[in-house]
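Novice: Sequences are here, hints too, so could you generate the full structure?
Each chain, written out:
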Amino acid sequence: MEIFQVEHARKWMKATNERIQEKKQELTELDQAIGDGDHGINMARGFREVMTKLDGETYQHVADVMKDVAMTLMSKVGGAAGPLYGTAFLKLSMAFKGQDVDYPLFTKGMEDAVAGVKQRGKSEVGEKTLVDVWSAVLEKLQENDHFDGSLMLDTAKAAMENTKETMATKGRAAYLKERSIGHLDPGSVSSFYLFESLAGVIREGV
Amino acid sequence: MKKIVNDPERVVQDMIQGLVTAHPGSVKQLPDTTVITRKDAPVSGKVGLVSGGGSGHEPAHAGYVGKGMLDAAVAGEVFTSPTPDQVLEAIKAVDSGAGVLLIIKNYTGDVMNFEMAAEMAEAEGIQVEKVVVNDDVAVEDSSFTSGRRGIAGTVFVHKIAGAMAEKGGSLQEVKAVAEKVIRNVRSMGVATSPCTVPAAGKPSFELADDEMEVGIGIHGEPGIERKKVATADEIAGELTDKIFTDLDFANSDVAVMINGLGATPEMELYIVNGKVQAILADQGMNVYKTFVGEFMTSLEMAGCSVTLLKLDNQLKELLDAPSTAPAFYS
Chain X
1 MEIFQVEHAR KWMKATNERI QEKKQELTEL DQAIGDGDHG INMARGFREV
51 MTKLDGETYQ HVADVMKDVA MTLMSKVGGA AGPLYGTAFL KLSMAFKGQD
101 VDYPLFTKGM EDAVAGVKQR GKSEVGEKTL VDVWSAVLEK LQENDHFDGS
151 LMLDTAKAAM ENTKETMATK GRAAYLKERS IGHLDPGSVS SFYLFESLAG
201 VIREGV
Chain U
1 MKKIVNDPER VVQDMIQGLV TAHPGSVKQL PDTTVITRKD APVSGKVGLV
51 SGGGSGHEPA HAGYVGKGML DAAVAGEVFT SPTPDQVLEA IKAVDSGAGV
101 LLIIKNYTGD VMNFEMAAEM AEAEGIQVEK VVVNDDVAVE DSSFTSGRRG
151 IAGTVFVHKI AGAMAEKGGS LQEVKAVAEK VIRNVRSMGV ATSPCTVPAA
201 GKPSFELADD EMEVGIGIHG EPGIERKKVA TADEIAGELT DKIFTDLDFA
251 NSDVAVMING LGATPEMELY IVNGKVQAIL ADQGMNVYKT FVGEFMTSLE
301 MAGCSVTLLK LDNQLKELLD APSTAPAFYS
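Taken in order, these protein sequences are the chains called X and U.
Residue numbers are given in the UniProt record's numbering: position 38 of the first sequence equals residue 38, and the series is strictly consecutive.
Residue numbers are given in the UniProt record's numbering: position 219 of the second sequence equals residue 219, and the series is strictly consecutive.
Rather than coming from a laboratory, the hints here were simulated on the basis of the structure.
Every clue listed holds true.
Within a straight-line C-alpha distance of at most 20 Å, the following computed SDA-like cross-link-like pairs (lysine to any residue) qualify:
#1 Lys177(X) <-> Glu225(U)
#2 Lys310(U) <-> Glu173(U)
#3 Lys202(U) <-> Glu22(X)
#4 Lys122(X) <-> Met120(U)
#5 Lys67(U) <-> Ala321(U)
#6 Lys202(U) <-> Ala33(X)
#7 Lys177(X) <-> Ile224(U)
#8 Lys167(U) <-> Val43(U)
#9 Lys23(X) <-> Gly201(U)
#10 Lys202(U) <-> Gln21(X)
#11 Lys23(X) <-> Pro8(U)
#12 Lys242(U) <-> Asp282(U)
#13 Lys67(U) <-> Ser170(U)
#14 Lys122(X) <-> Lys130(U)
#15 Lys118(X) <-> Glu119(U)
#16 Lys227(U) <-> Glu178(X)
#17 Lys53(X) <-> Asp32(U)
#18 Lys177(X) <-> Arg226(U)
#19 Lys122(X) <-> Glu140(U)
#20 Lys122(X) <-> Gly147(U)
#21 Lys53(X) <-> Asp85(U)
#22 Lys23(X) <-> Glu9(U)
#23 Lys23(X) <-> Lys202(U)
Specialist: The following block contains the structure:
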């Protein structure tokens, strides 16, 4: 893949939605363990609405797809995940605006997205939040010079699994302190499904 | 799961419809939103008060909409913060030009969604201020974490800030008195059985017949300690001890709230209250006013929380001011 196109963005969202619907129960159960038990329900509702929105529109630019994803997630997900995922996609949309999304621009968009999520959640790497997965993926994008699906998949997976042994200091799980150790962070798991889906689109190439 | 609902995905919409038809004289729903406002909103010249959060805490927050309390409450999905677009609609509906105060319970999602709405409202030229309630002493307050949670003490913030706005206080004055309440209110709760989010279909946690969870949150999130269930007197003692460790109430005038979490008989709440009153008297505190009932629930969770608010003359006067809110008629 040289240029990330509208068609890729659509496939990315479609694959993500399928994974989230499939894993709705798992995400909710993870959240019941250390949070408030709504993550799977909220993400499933949000991505179902994303698909409804995208299926009814035609797009010229990837930026426009990202903007609709952002606005839909922000108004349909709620909780902490809504503003965080909404902000991430809004930053991607702003970075991509009106341009073809080549590798350097995609990386730039991810830099803005990660910065936006950190600012919105007042969070940094290592606090057992979805920032851990997004930052790890960004770091590999920055080190590399071309789209690499396998690298993205492995990176996201390792970062997601790593949240299990981390103590939460941000988000609802932070109230549990040491008791949050031993549980995966639900937001990191949903972010893993997002990047797993993106990695699949990249590997397919199209 | 056994619940009196039609469709687990529609509980919030169905509840709102029932709520506004129960109180047609005082509240209304903004069309196509989950926002409930005073029927007469926006009130000319008055600072608007907006609160809200996930549903499942009834009568919070819509029950506190009325003259002398909130101008609008925004209902999210069950235990899920409402989205920024909904909060923005509430802000726009209650702003009369005097500005709007957002009363937010301290949860990551609530803070983020309300902050985004505040930014959007400011971009539209509306003056917005916000306060964040964090009365739950079960959770450690630290600048490195999300900090303490907001629970039943929030109702006192609604009442007192609402009275201040009603008597014509400016946005800064209303915010200042809300912050004064937040500085002086502390709560802690205990649960004896869990609750089930309708769309999840399963309880959020499990407790054995002889167990209780101390320091429980109002979303079924785990508390700080699980132990053998204690007597009402022991529970009253443990909750008040933890509150006194956090804030010195010695020789103060206090308001007391014994709050049921959803499935606790009033009988048990009064039993807890009896002991709490004895403890307060013993420690030389003067109880100015007591509230026993359901104010900030957690669906059908069984258990209770104890809230203490330290009062000065200003707070007493505002606490006593009239309110027409369905869940806080005074």
